[in-house]
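**Student:** Here's the letter readout for the chains.
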Amino acid sequence: EAEVAQSPRYKITEKSQAVAFWCDPISGHATLYWYRQILGQGPELLVQFQDESVVDDSQLPKDRFSAERLKGVDSTLKIQPAELGDSAMYLCASSFQVGGRGRFNEQFFGPGTRLTVL
Amino acid sequence: SQELEQSPQSLIVQEGKNLTINCTSSKTLYGLYWYKQKYGEGLIFLMMLQKGGEEKSHEKITAKLDEKKQQSSLHITASQPSHAGIYLCGADDPRYSGGGADGLTFGKGTHLIIQP
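Heads up: the sequence lines are chains A and B, in that order.
According to the working numbering, numbering within the first sequence proceeds without interruption in unit steps and concludes at 118.
According to the working numbering, numbering within the second sequence proceeds without interruption in unit steps and concludes at 234.
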């Protein structure tokens with residue numbers, strides 16, 4: 001069964017260091033999402049890609065976070081420099097259909113990357 | 119912005135018992151998704167509701183969206199240990215308008231524990 005792949009699964013870093021997370025969506029899925037989930041909270045959208053283009057990054061802290069999906073397939077999310085408050089689970093999801101408000105568009109989630117900033 | 123409130127925050131249920139989880143929105147729901155998350159893992163899609171009064175079932179799980187489309191409930195019949203985890207409701211957020219943006223806004227989740 002096709003799955004969304006993420007790596008690493010766990011990352012421990014010190015504050016002010018740079019970290020990067022990788023996501024490989026299900027083959028053929030044009031839409032890719034990055035969410036951040038703080039312990040005890042629901043996931044919050046950081047950025048959405050349609051192929052290689054950013055559809056929405058309004059919630060991405062652009063002073064330290066960046067995301068790219070250069071060839072419209074896999075994606076990288078980077079944090080530089082990391083801060084203590086960035087400790088969270090970073091979830092990647094993908095969907096086949098082009099989105100749009102109110103249209104059913106099942107998002108398939110990867111296992112996540114658990115980031116701990118010391 | 120749209121907010122989703124889930125209740126209860128946590129639930130301990132004896133195996134075999136029925137239970138209900140609620141999700142209430144501050145605004146009209148255009149699409150309401152239910153996901154399950156095992157601790158430390160990704161989310162697994164359960165069901166999606168769009169129409170007021172809609173009800174969907176999968177195995178022992180039934181989800182409903184009320185007529186006014188501002189509240190949804192998830193009901194589990196004859197709970198099993200495999201039902202344990204975090205249940206999250208997610209809504210198609212009206213903030214994202216046009217351009218194919220459809221990121222979901224999630225509630226904080228309901229932690230379900232099944233006691234043998």
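Any given hint might turn out to be false.
[Unchecked claim] List of simulated lysine-lysine pairs, DSS-like, C-alpha gap at most 25 angstroms:
1. B:226 to A:11
2. B:154 to A:11
3. B:156 to A:11
In case anyone wonders, no lab produced these hints; they're calculated from the structure.
**Student:** Against which earlier hints does the structure fall short, listed by number upward?
**Tutor:** none
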